[in-house]
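Residue numbers (the working numbering), protein chains in the order written: chain A, 1 to 301; chain B, 1001 to 1257; chain C, 2001 to 2346.
It is worth saying that the hints were derived from the structure and are not from the lab.
This structure is a prediction, so every number in the text was calculated from the model and none was measured.
We put the beta carbon where it would ideally sit given N, CA and C, even for glycine.
Don't take each hint at face value.
Covered stretches of chain A (in silico footprint by chain C; criterion: 3 or more residues with CB under 8 angstroms from a CB of chain C, positions within the stretch not fixed) [to be verified]:
1. 133-141
2. 200-210
Listed next, with one range per pair, are the computed distances between beta-carbon atoms [unchecked claim]:
3. Glu58(A) / Gln1050(B): 19 to 29 angstroms
4. Gly39(A) / Leu1084(B): 57 to 67 angstroms
5. Arg1160(B) / Leu98(A): 50 to 60 angstroms
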Amino acid sequence: MTSTTQDRVVIKGAPLRGTLDRQNLGVLVPLLPIVLFLGFFFFFPMAVVFVDSFKSNEGNWSMINMVTIFHDPYRMAFINSIKLGLVSAITASIPGALFAYVIETKGSQSLRRIVSSLSGVLANTGGVPLAFMFVAAFGAEGSAVMILKKLGWDLYAGNFSLFSFTGIVVVYLYFQIPLMIIVFSPAIHGIRKEWRDASQNLGATPLQFWRFIGLPLLLPSFAASFLLLFASAFAAYATARAMTVGNIALVPLQIGNLVDGNVSINQANAGKALAVGMVVISAIAMIPYLIIQRRARRWQT
Amino acid sequence: MKIRGILLPSTLLAAIIFITLPFGSATEFSFRDGGKTKHSLAAYRWILAQEDFLHYLGVSLRLALGAVFITLLIMVPTVAWLHLRAQKYRPLMEFLTLLPLVVPVVALSIGAQSALPEALQSNEYELSFMYVILAMPYTYRALDIGMSAIPLKTITEAARGLGASWIKAITFVIAPVIRNAVVASLFLTLALSLGEFTLTSLLHWDTFPTWVTSVSQQNIIGAIALSVFSLAAAFLFLFAIGLLTMRSKSDLPEGQE
Amino acid sequence: MSSATLEINGISRRFGDVVALNKLEIKIEPGELVALLGPSGCGKTTALRIVAGLESTDSGSVLLRGADITKVSANHRNMGMVFQAYSLFPNLNAQENVAFGLQMRKVAKGNRLAKAGELLELVGLNTQSKRFPHQLSGGQQQRVALARALAVEPDVLLLDEPLSALDAQVRANLREEIRRLQLSLGTTTLFVTHDQEEAMSISDRVGVMNHGRLEQIASPDTLYNKPATTFVASFVGLMNRLPGILTNGKVEVLGQNLSALSSDLANGQVKALVRPERINVTQDQSTPNARVITRSFLGASSRIICEMHDGTIVQSLMTSHGSGMLNPGETVKLEIADLEVLIAHE
């Protein structure tokens, strides 16, 4: 780290307007492929979803689908999905943050590598395989259930079910905690030893360090990670589909059903209205997440 | 001091129990042979006997390599250009490429199904293109960070100043220095593509992950064995990437005194 | 602000197999600025951290005003420390950073912010008091760090390479400012650095360290002119190493017969250590012993690089006035202006 990085003046993003003279065009042309690519495969489909959600199934402008999603069963699905997002974010963010803290501050370099690789696998590719693994562990014939039975605890004596809200929350922990570790570790790593030393030197106890310096620095990142976890559980489809047998109404599953054509055709655009609803809720969580993460990077060098 | 000493081991123990519970159970379950106590490799033999196993593994690999190819063709030159000549558009591109993260995959699936032309939707490589979109927030970041770490513009100008043609500058100067960032972004694309389920199944295609789900309908032990196999493979795969990136990071000096 | 005596009494510290400090012994008088100078890894930072209480010592003690503070924890020591870089709390603005130590000492908010304002003015940053660390340049950050360390009216000011991350210009200015403040406040100060110019220019005394030991502690003047060991001689300032022959305390070098300052070497081939400004170069066609390679004009003085017949390169620093004729290729005679020289192994 040289002095140049410290003395750098913060330059706000340059304004994007300006005359499009020949030189400017030359700079922009190589950017065309990615803009067209994003436009065709991302913005165009999302625009179609948005526009269609304000049309009836006959193709006329109508608010019918937008109204529909505020009524059951969709209203209930939104409530369930938001609840699942919140409960999952709460149950995963706290242990995830504590685990990340212990590993980042006490673990060796190689241990941190292993944890980050393992977290990467579980957070990104866990979904479906994890669901099946839980069936193997906690299904009626599951290994864990049989071991517990031998120890004298019959899990299935009561009305336990893996395919319930609680079951889903537990399975989600297995990709949510790793996700928390991935997104929150940089913030812990960014707490410099100099700050502890300086606070101690200025007369602060370790508790005072956390109260005045450590926690205020970690809080924004924690809030951001929480929002990401919410959005992740709220939008998760693969695990939910493998785990539920249609007994819990969740928005992603209902969209899936509408797309699969399991429901009558005159609800085609209801799926798009649901999708718009999902994008809105997801954006409410993700945009603050991205903004906070960006600001926190200022001291996480 | 005593409490500090046991903090790390006890945390690791908790993590190991947490992880072992489903993984150990699933591994044990996958060795069950019909009955509840006999164990054998029957489930794994069954998998290998399925023609579909290699078929869908092949489909997934093909589509993932397609996504890797598109990333190489579109993402890498774009980010390199942003760093070389179009610095002022970097904030805008960063914003645009992050947007796929904001939209749930389910929502994008329904959009792709209703907006993309029929001709494309009847070709399985449609998925390769969509995988690139899903991976874009990560691949863009990986490339951007990798290229920020080196003065790409200066060394390219130096090469040009010393008389290298553009082609020579790209082959002998740009390509070698951005290699690590490119490899990292390609691995990210590959990993995401191989494990993608939501979009694939909602667009009614069959790949390795969706095949595993359909197997579960007829042979749950087989599906569990496949799950064990795919997570283990994914871990080894990402661990290899970890080793690769570790080597490039260890070159940096650390601290003083 | 009462000045305090700081004594470091034979402290030793090992990290695994590495001996970081070996029976270090220093006494700093009230109001004195002592620099610890040495190559990286010599243990100087460890010594400073032990004084601050941020590192423990294996043996020995630290005394403040005669009282043993070895077991006192860092947050009860009342020492102000300035770190190398990045030590400002990023969530607090400059004024809050400076006021932090007072806040820990339960000073009322109004009073501590007022005091912080005064200190920021002292380091010339009163207009930046509401800025956050990331909005300040490296030099400004270190000024705030200095104000923060001084705000608690510390018994001892500890400076851990506070200038090493800064640009040359900023470094020179801030160095002088540290000295000015230290003198006006009369704070006993321990300053760790690897930059000899920095250490020599602002310190009352400089301790040169090597491999966890103190080689010599003395005024900059003494250190330069009367180095106690060959390590000090070659670490502080430039030294020519001229071949010579030692015979019973006398060394023959450049045809001169001089007294050897350290006589524990065996007779035979040795190196005589001579400062560039103690070597005179004169034009000489009859008995030359060297040839000019380059001459660089530095203003009042000029640097002449010569090559002896045996290939030894010799550097001389002399007034520009007297060196006008010493052009490259010229045959010259080198002479040592001293009667005594320090000698070292071959």
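So, going through the hints one by one against the coordinates:
Check result for the region 133-141 of chain A against chain C: violated, 0 residues qualifying (beta carbon to beta carbon below 8 angstroms, three or more required). Counting residues of the region 200-210 of chain A whose beta-carbon sits less than 8 angstroms from any beta-carbon of chain C gives 7, enough to reach three: the coverage restraint holds. Separated by about 45 angstroms at the C-beta atoms, Glu58(A) and Gln1050(B) break the suggested range of 19 to 29 angstroms. A beta carbon spacing of about 23 angstroms between Gly39(A) and Leu1084(B) contradicts the range 57 to 67 angstroms that was offered as a hint.
Between Arg1160(B) and Leu98(A) the beta carbons are some 52 angstroms apart, a value that agrees with the proposed interval 50 to 60 angstroms.
Violation of the numbered hints given earlier is confined to hints 1, 3, 4; the remaining hints are satisfied by the structure.
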